[in-house]
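*Asks:* If you want the building blocks of each chain, they are given just below.
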Amino acid sequence: MAPLSDDTTTQDAPGADAPAALPGDGLREGIIDNLRSHIGDAIVDTKITPNDDLWIRVSTEAWLSTGQALKDAGFTYFCFLSGLDWMPSPYGTSEEDPDDEPKEPDTEIVQGYTGGETRFQVFARLADLDRHVGVTIKADVPDDRLVMESWSHLFAGANWHERECHEMYGIGFDNHPDLRNMYLPGDFEGYPLRKDFPLLARMVKPWPGIVDVEPMPAEDEAEAPVEEKGDES
Amino acid sequence: MGLVDKGRLPAPLTKLFNMSRSYSLWVYQWGLACCAIEMGAAFGSPRYDVMRLGVIPLPASPRQADFVCVSGTVTDKMAPAVKRLWEQMPEPKYAISMGSCANCGGPYWDSYSVTKGVDQIIPIDVYVPGCPPRPEALLEGIVLLQQRIKNEDMAAKWRGDEFTTLQRTRAMEAGEVDRDGELINEPTEPTPEMAQAADSVQPEPIVVGGGPIE
Amino acid sequence: MTLTDRQQLSYIASQAADARLNVELETEGMTLNIGPQHPATHGTLRIICRLDGEQVVWAEPVAGYMHRGYEKLTEVRTFPQVTTLVNRIDWLGSFANEVPFILAAEKLMEIEAPPRAQVIRTILFELSRIANVSLFLGDLGVQMGAITPVFLAFRDREYILNLIEGATGGRFHPNFDRIGGLKDDLPKGWIEETRGAVKKLEQFCDTIDDLLFGNEIFQSRMRGIGIIPADIAKDYGLSGANARASGIDWDLRRDQDIPLSYDLADWKVWTHPDGDSWARCWIRLQETRESCKIVTQLLDQIPAGPVMTKVPRIIKVPEGEAWVSTENPLGEMGYYVVSKGGLGPFRVKIRSASFNNISIVPWALKGVYVPDVITILASLYFILGDIDR
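Chains as they are written, first to last, in the working numbering: chain A, -3 to 229; chain B, 15 to 228; chain C, 414 to 802.
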């Protein structure tokens, strides 16, 4: 039986155990090369923001093997997994003044970093706690069949994240042990985080739009607009 | 209490019972979200002590509670539980809605999963606005509830009327107001003399809780 | 991982419990429903436990009773409006929620807040951590029936809330961070008051140490219970004090390069090799003391200068994606902000710490006795707004 430690366990000052240098782009490129040696040309696109972060997009079929390869390479910390819907919202973003002329709605699907070909993507983030580096992995979800392989046997924490992604976007996960609703009541219809799911309260009463830059009280009373209702002076 | 529901309780006894009821409230804390922390600060911290008002927190169960303080966002998933809680409480019961989420949905007014105000589920007596309201604001809400209880006609509450103030009951007995609260005699058009007389009279102070407490 | 006596016993017992349920002799287990309204669940979490006698055979948390749809709401709000909304995720340490979001927006805009703003942000961040964890420490007692510590916690928390209110105007939900800096500078006399308040909080930590952590009952209820080994912790994504209690030496304040001023102070990262409930609670106590030290040191080092860089009146964040995560009181909280150049974000993924912390509950509660369910949940420490967003 291992004796439980007493309270005197401490850790040294930051200088002693902190990484010698924070991860640089060389380390990130090494990660990409390591991954490429495992899954070859399933890596579709990568992006490194200098001194900052790393994005890798892989093909849909390689989603699970990417996770396995990264876990073997030391990325054992599971941060999160979720989905992205790149279609611009047909209901607008409440930035426009509802009294203005309605503009032509923008329907072009433009993906973000590392591109993409489909409306939906899944993305996940893993971290290597020893080298203090993280990586964001994205993959397209095919438009005709919204199903991806499940990571829940690889990272136990992915179980709940995939449940949430399923109920919010409608993306299925193969081999997931228990894919039911995480947050929403059982009789909820629709997939809320999709862009074409309307927020009904906003459709009934639209938000007044762009922030109203009223003058401060001391500033310009002379320029204050004439109010129709009430005549406070 | 046969006298209470028949409405034949003498006035001094009504005043005594109302006063003692209002100073011995047992509040059920239905703390859901951030407002629960301010409610906890109001009820459980030594600074904004609620017990000095005669209100005791932490009843053993909702069946022993006098009023419920709903604080925090009510979601559609939680709404049946709130309803069941309200049904469990025995009469006479009151409800305070604390915070803007419970009043009207609050910052989440446009969400797909939030009930826009707990008054869609249970009838509320006092609304305390704020996000979150300061503990003093909640205490003021409780004081308003106490004024309301002091001013209450227990027979009307027993019957389950919507308006239970003593003023309403007296107006009904005097024949000015009918059961639904509609004035029986149409008010006449104000003549200039009446307007002048009205101007010279001091305006009645606004008294929260329905009228002068007698 | 070697198993302690207790762990071995509960493992054997859970095997036996499974076996018993399968045997010809039909014994019926009981389903115990804890919550969603329960004093011990820190909010509206519902845990369904299937019991065999006093032991849990299968447990499952049902979240969603506080799901307010944050990620959908952020798509129809501007960046300052999202800042207001995001305060309310972890509602005890509210300022800490704004910081990673603002940092992500600043990363996309490629601006940095001035040094004075960075130091004040760090101070307020640590103050909100102290406010959050001091309530946790008080609540620990309530989970076990000791009610006094929570009154002490509320009383001492008031000092911190007064400070936050003095600087920002709101006791919690300060909504003080802005893209490019802070809304306002500190009021006069705030620094001296903070020094005094932090001393009172240090006394509170000592009181709790004496009252709770030195208590024999507390020790016997917490030691050896709910052991989570390090590899399981990483698999589930446990972060913050939960991970450090399992021996993982990882603290986002030290291990990443973000524009907060932690390197100006001398502080240490506490870890514990055991991974049991006691370790998680003890680490949080030490971290509160450490935060008090950080605040005291940073108060002496606030540089002069503006608190806001020059940003346009109406801010449009350029296109791009950014991920920023910080060491929040509950763990690692991060925001993945996708912007398409508008007034508001296109998509915000909120990675909240408690979601991952609670996903381990089905694993952690197997074979555990019913009273230990409460203490394990207490030691994992979650806030419902963080789980449900």
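Any given hint could be a false lead.
Stated by the list, open to error - Cut-off 30 Å, straight-line C-alpha distance, at most; resulting in silico cross-link-like pairs (BS3-like, lysine-lysine):
hint, chain 1, residue 1, chain 2, residue 2
1, B, Lys107, B, Lys20
2, B, Lys171, B, Lys130
3, A, Lys67, C, Lys779
4, B, Lys20, A, Lys201
5, B, Lys97, B, Lys130
6, C, Lys681, C, Lys613
7, C, Lys613, A, Lys43
8, C, Lys729, A, Lys43
9, C, Lys753, A, Lys201
10, C, Lys601, C, Lys723
11, A, Lys191, C, Lys729
12, A, Lys191, C, Lys613
13, A, Lys191, B, Lys20
14, A, Lys201, C, Lys613
15, B, Lys97, A, Lys201
16, C, Lys729, C, Lys596
17, B, Lys29, B, Lys130
18, C, Lys596, C, Lys779
19, B, Lys97, B, Lys107
If you're looking for bench data, these hints aren't it; they were derived computationally from the structure.
*Asks:* Confirm or reject each hint.
*Replies:* Comparing the hints with the structure gives:
1. Lys107/B - Lys20/B: holds (19 Å)
2. Lys171/B - Lys130/B: holds (27 Å)
3. Lys67/A - Lys779/C: holds (26 Å)
4. Lys20/B - Lys201/A: Not OK: lysine 20/B and lysine 201/A at ~47 Å, beyond 30 Å, violated.
5. Lys97/B - Lys130/B: With a Cα-Cα distance of about 15 Å, the restraint between lysine 97/B and lysine 130/B holds, given a limit of 30 Å.
6. Lys681/C - Lys613/C: Judged against 30 Å, a Cα distance of about 21 Å means the pair holds.
7. Lys613/C - Lys43/A: Not OK: lysine 613/C and lysine 43/A at ~49 Å, beyond 30 Å, violated.
8. Lys729/C - Lys43/A: holds (23 Å)
9. Lys753/C - Lys201/A: Judged against 30 Å, a Cα distance of about 25 Å means the pair holds.
10. Lys601/C - Lys723/C: holds (24 Å)
11. Lys191/A - Lys729/C: holds (21 Å)
12. Lys191/A - Lys613/C: violated (50 Å)
13. Lys191/A - Lys20/B: Given that 30 Å is the threshold and the Cα spacing comes to 59 Å, the pair is violated.
14. Lys201/A - Lys613/C: violated (49 Å)
15. Lys97/B - Lys201/A: Roughly 27 Å between the alpha carbons, so the hint for lysine 97/B and lysine 201/A holds.
16. Lys729/C - Lys596/C: Measuring from Cα to Cα gives roughly 18 Å; hence the hint holds.
17. Lys29/B - Lys130/B: violated (37 Å)
18. Lys596/C - Lys779/C: At roughly 48 Å apart (the allowed maximum being 30 Å), lysine 779/C and lysine 596/C break the hint.
19. Lys97/B - Lys107/B: Distance ~14 Å between lysine 97/B and lysine 107/B Cα, so the pair holds.
In the structure shown, a violation is registered for the earlier hints numbered 4, 7, 12, 13, 14, 17, 18, in ascending order.
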